[in-house]
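Residue numbers (the numbering used here), protein chains in the order written: chain A, 11 to 419; chain B, 3 to 252.
Simulated from the structure, these hints should not be mistaken for lab results.
Just so it is clear, the structure is predicted and the values come from calculations on it, not from any experiment.
Accuracy of the hints is not assured; some may be wrong.
To be verified - Think about it this way: if two alpha-carbon atoms lie no more than 30 Å apart in a straight line, the pair counts; the simulated DSSO-like pairs of lysine-lysine are:
| id | chain 1 | residue 1 | chain 2 | residue 2 |
| --- | --- | --- | --- | --- |
| 1 | B | K93 | B | K196 |
| 2 | A | K170 | B | K168 |
| 3 | B | K219 | B | K196 |
| 4 | B | K135 | B | K168 |
| 5 | A | K172 | B | K100 |
| 6 | B | K93 | A | K170 |
| 7 | B | K93 | A | K172 |
| 8 | B | K168 | B | K100 |
| 9 | B | K69 | B | K196 |
| 10 | A | K409 | A | K322 |
Unchecked claim - If you want the footprint, here are the derived chain A segments under chain B, 3+ residues with CB under 8 Å:
| id | region |
| --- | --- |
| 11 | 118–129 |
| 12 | 176–184 |
Note that CB positions come from ideal geometry on N, CA and C, so glycine has one too.
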Amino acid sequence: MTNTTTLLAWRNIWRHPRRTLLTIAAMVFADVLLIFMLGLQFGQYRMMIDNSLAIFTGQMQVQAEGYNDEPHMYRSITAADALAQDIRERTQLDAVATRGYGFALVSSESRTLGVQISGVDPLHEPRVSTIPGLISQGRYLGEVDSNEIVIGSTLARNLKIKPGDELTVLGNGRDGSIAATVAPVVGIYESGSRDMDRHMLSMPLDTFREVFSMDDQAHSIIIGGARDQGDSIAAAARDALQQRESLVLLDWETLMPGLKQAIQADFTSAWFMYAVLIVLVAFGMLNTMLMSVLERTHEFGILLALGVGHGKLARMIVTESVALATIGMLFGIACGALLVGYFFFNGFSFPGMEAMGERFNIPSVLYPEISIRSLLPGPLAVFITTLLASLYPILRMRKLHPIEALQAV
Amino acid sequence: MKYSAALLLLLFSPMVSAESGTDARDIIRDAINHYRGLTSYSEMTMTIHRPDWERTMSMNGWSSGGKKTLVRVTAPPRDAGNATLVLDDNKVWSFTPKINRVIRIPSSMMSQSWMGSDFSNKDISRTDEIVDKYDHTLVRTEESDGHTVYIIESIPQEEAAIVWGKEISHVRDDYVELEHHFLDQDLETVKILKTLDIQEMGGRMFAVHQRMNMLEKDDEWTEFSIQTLDFDREIPEYLFTLSNLRNPRD
Chain A
11 MTNTTTLLAW
21 RNIWRHPRRT
31 LLTIAAMVFA
41 DVLLIFMLGL
51 QFGQYRMMID
61 NSLAIFTGQM
71 QVQAEGYNDE
81 PHMYRSITAA
91 DALAQDIRER
101 TQLDAVATRG
111 YGFALVSSES
121 RTLGVQISGV
131 DPLHEPRVST
141 IPGLISQGRY
151 LGEVDSNEIV
161 IGSTLARNLK
171 IKPGDELTVL
181 GNGRDGSIAA
191 TVAPVVGIYE
201 SGSRDMDRHM
211 LSMPLDTFRE
221 VFSMDDQAHS
231 IIIGGARDQG
241 DSIAAAARDA
251 LQQRESLVLL
261 DWETLMPGLK
271 QAIQADFTSA
281 WFMYAVLIVL
291 VAFGMLNTML
301 MSVLERTHEF
311 GILLALGVGH
321 GKLARMIVTE
331 SVALATIGML
341 FGIACGALLV
351 GYFFFNGFSF
361 PGMEAMGERF
371 NIPSVLYPEI
381 SIRSLLPGPL
391 AVFITTLLAS
401 LYPILRMRKL
411 HPIEALQAV
Chain B
3 MKYSAALLLL
13 LFSPMVSAES
23 GTDARDIIRD
33 AINHYRGLTS
43 YSEMTMTIHR
53 PDWERTMSMN
63 GWSSGGKKTL
73 VRVTAPPRDA
83 GNATLVLDDN
93 KVWSFTPKIN
103 RVIRIPSSMM
113 SQSWMGSDFS
123 NKDISRTDEI
133 VDKYDHTLVR
143 TEESDGHTVY
153 IIESIPQEEA
163 AIVWGKEISH
173 VRDDYVELEH
183 HFLDQDLETV
193 KILKTLDIQE
203 MGGRMFAVHQ
213 RMNMLEKDDE
223 WTEFSIQTLD
233 FDREIPEYLF
243 TLSNLRNPRD
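One chain only, chain B, in its complex shape (with noise of 0.2 Å):
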């Protein structure tokens, strides 16, 4: 009797600590949703700083569904055109309109920057990968402007092929991200996305204005500005396919 108390006590103990990792879990998948919608279009500017130069890029955006994500460039002309369709977690196709070619960046090369930018292909789609692959941990909750803010540790599951060995997520009670750190598999922290502005838009309040900074290089960084953002829209299906994306009807 005494032992099968002790084997219940033994098999009921994982699922309490389960419990707070559903809670985190949660946070994190409204956060997710939160961002992306059922599904979204925005318009927005990506401005890459570095020391001696400077450069903004306007892009459209479309997502649908925690998976698929379509971003293509409208200006400066130079780069107007450019494409990358994301689908699952690991498929990224990018379309350059100047050699007119679709070309799947391979798997090896997620981690590579985006267009040049401190996002990397796997930033840049933001799926909800993270939601299932990692385990989440609330470590604590702050006040913040009369919102409660909950600071979750994210690490990768064993068979995750994921680069980071951690990610740290401060998400608002409203699921706004207000930052989110990237630690490598030394838990030494490579890179933050800090959100600087928190706005009304698409009928939510929503993180406008995001920027990457890679740790200890104040003078490089990536800023993602969003202008127009709509949920929810009708949004075709045809849209995330490799011949829309090469010859765009969007």
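Bound conformation, chain A alone (with noise of 0.2 Å):
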């Protein structure tokens, strides 16, 4: 009896092939729009991150207790190069560098501005940092003791000057005497990160220590490396923290807690919008199920006064509705693998990105991600909201009485 059903429900869908071909395509666009978002979205969310800590940050770093909160010169790494040496054999990974930050005031011949002074490792540095490779003018830090400077390009202007200009450094030692000294500028980047181009000069890190009075120290190791082994790769670290005091291993949600905020208020916003897209499907959906059932009022007169019970009914059209709305969610699935896929190849990429990318430092062209977190919820969520807007008509259904409906036209 239940293949009965089944069979009249099967039957009964395509009865109006047209309408439920066009339902079908209804819910196969929201799904293909929904994984294409999804995909996208994830796709340039991982981008962003992975870009954002490629720049200067890294996947992780190990600092002193408390520097993250309130960034003081003394609270720094005592023989730091050994701890990023040790670091670097346990993880079996290149990219560990170790630097040293100041804050100074930057004298050129006609400006003075208040400036963030990173020492970095001229050898590992590149291996963390974009910003090495990102050289528009000059060339990048040679020595981890010459004495010279490279140099943001928004702060280069306003400091107005060029590679081959000296700069003159004035701020506080760790130990609090007076830091100065006076070097040329070799080059300067262009990281296309606002902050770092504004705010940031650097120079080679045994220099700095020089100046800074920093002995063998540093504020920060950096750990790069793949994000999806981070897990490993910080057990690793913490293993060579264990005999070290009062030094933590930072994640980079810890260190740049603004990025991850900024992609919970978009994603948070967006779903905002899918679940318009939803609501809209369900509608169509509900629209179709109410008029195939007030369009067979009469039949359902003639089943029931034949003896069908109305539970049996109801079962049909859940099964019409189960079996639209599963075939919608299988090719919806189906298409909009394909459609990512595609794009996960070729690329995607839509004009004015460019210019977008470059403010939030994201590629102009976007990889959307194929995974399980960007194929099922969408589609997913279309089905089940199909299967909500379908309860109407059978609780319209219920109430039927066989007279009644027999005299429906």
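Take the two lone chains, each set in its own frame, and fit them into one complex as the hints suggest.
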């Protein structure tokens, strides 16, 4: 008997093939759109994170406890180079670099500005930061103890300097002494990150240490590497930290809380749009199911008169909508995966994206993500709301009386 | 007639309240004059204390009138020769012998730390700016060791470019300042300058030992201790010039 219901439901679906196909098409369209948008969004977030971290922050950092919250110069890592080397060996990763940070007044001939200064290791820095590769004029720092400076492009413009000009640096060392030096600018970088280009100046680590009385200290050990291997890298780095006191390993979420928040905010607003899309599809489905139930009132009357129970009729209608929704979902996922798959290999770009990409530090070609979290949530949401939409016609049908139904046209 | 009486009352009422303001302003002006004299010369040490280190520098200071100040570090050798010149309220230059450069501190950096201490570039100049660019109110008076202490609230005037929301001074009746509280724009206290020792020096009672304390950080402070103080001596004007900052003739 169940087979009869299923068979009846199947035949009912195809009684109006055009209507059915249109309904399925609406679902497929919504599914594809959701899959595409989600895939693109996740791909974009991934790139945003990777690119933001690649500029300067790295995947994780070792710092002295409390430095991240209140970056005082005296909160530093002693024997930092040895520790960095230890981490390099344990993680089998070259992308580990030592840095010192300070704040100083920087003067050119015509201007003085307060600037963040980073002392970097020119040998390892290119493996954790893209800045060394983004030199637009001149060259990057040479030796770890050479007396030279590279500087962000906006800062260079604000100070009115070009490679070859000298800058005066005046600040305070780790021990409170006066830190001062004069060094030539050898290169200007353009990272695309506003903060880095506007507020940052780099000099070789050992020079930095001498100027700021840092001995063998540093403020941060930056660890790069692939993000999906983050856990194993972090575990190896923690082993290295065990012999040291009051040092902490910080992940990128802690180092760049703003980035994570921006992504969450963006995702929330996007979901609002998706919800609207899903509700629209649900209404389309409601319309189809309601029509197909109403137009069959007479027919249902006959069935009821013949002794077919309300329950069985309800089951038939549910089977119809489940079948419709399932077909829609399967085709939706298939088409969505095909579309996303195409762009996954070929990249996706639209006009104006270059300008936007520069602003948010994302590349102008996007590669959407193919994963369960991008493929399934959209179609599943459409599937469930579709089933919910078919409840209303069923509830109507349950009130149907055979005599009245038979009199309906 | 009634109206004009009310108008008269309206006209005079601000003057009545302004009068107490003048009192408070006089006390602040006298305290600054007491502190700076016509001219002054001092020898002092500054100690910066941090959780894991402490550092003491010796320095000489000169001041002239209400606006001009010169401070030159004499020890330790690593820092000796560093000097700061203040002219007017917002013009601060720093000289560093190591690189032989004079740098003008931009006005955006005035609230930054002076030589790594808890004093800002602004604090160190301690000009008479507070007299004219603030509105002063005498909040209350206290008795302490046979002295009357005036507690005065000073709020920067609307157009004055000052980072603080309010300053509170505790000034003794012989114009020695006992405490100075710095409050931010939300009127939360940021740091407090406290006088630890008062002695007769340079012919007047003077706060010879003071400590600046960032609030809620008991292990971070900066102390000033004055060894020699001389007021109203002849100080040549060329002392307060950029060329003298770079090539000292003092």
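To see whether the hints hold, each was checked on the structure:
Taking the CA atoms of K93 of chain B and K196 of chain B, the gap is near 26 Å; set against the 30 Å cutoff, the hint holds. Restraint check for K170 of chain A and K168 of chain B: not satisfied, since their Cα atoms lie roughly 37 Å apart, outside the 30 Å limit. Distance check on the hinted pair: K219 of chain B and K196 of chain B sit about 15 Å apart at the alpha-carbon level, within 30 Å; holds. Proximity of K135 of chain B to K168 of chain B is assessed by CA-CA distance (about 12 Å); at most 30 Å being required, the pair is judged to hold.
A C-alpha spacing of about 24 Å is found between K172 of chain A and K100 of chain B, which places the hinted pair at or below 30 Å, so the restraint holds. Annotation: proposed proximity of K93 of chain B to K170 of chain A holds, straight-line Cα distance about 22 Å (limit 30 Å). For the proposed pair K93 of chain B and K172 of chain A, the alpha carbon gap of about 28 Å is at most 30 Å, so the pair holds. For a cut-off of 30 Å, the pair hint linking K168 of chain B to K100 of chain B is broken: about 38 Å separates their Cα positions.
With a C-alpha separation of about 23 Å, the suggested pairing of K69 of chain B with K196 of chain B holds against the 30 Å cut-off. Proposed proximity of K409 of chain A and K322 of chain A is supported: the alpha carbons are some 14 Å apart, at most 30 Å. With 3 residues carrying a beta carbon less than 8 Å from a beta carbon of chain B, the region 118–129 of chain A meets the three-residue requirement, and the given coverage holds. Check result for the region 176–184 of chain A against chain B: holds, 4 residues qualifying (beta carbon to beta carbon below 8 Å, three or more required).
Comparing the model with each earlier hint shows violations of hints 2 and 8; every other hint is respected.
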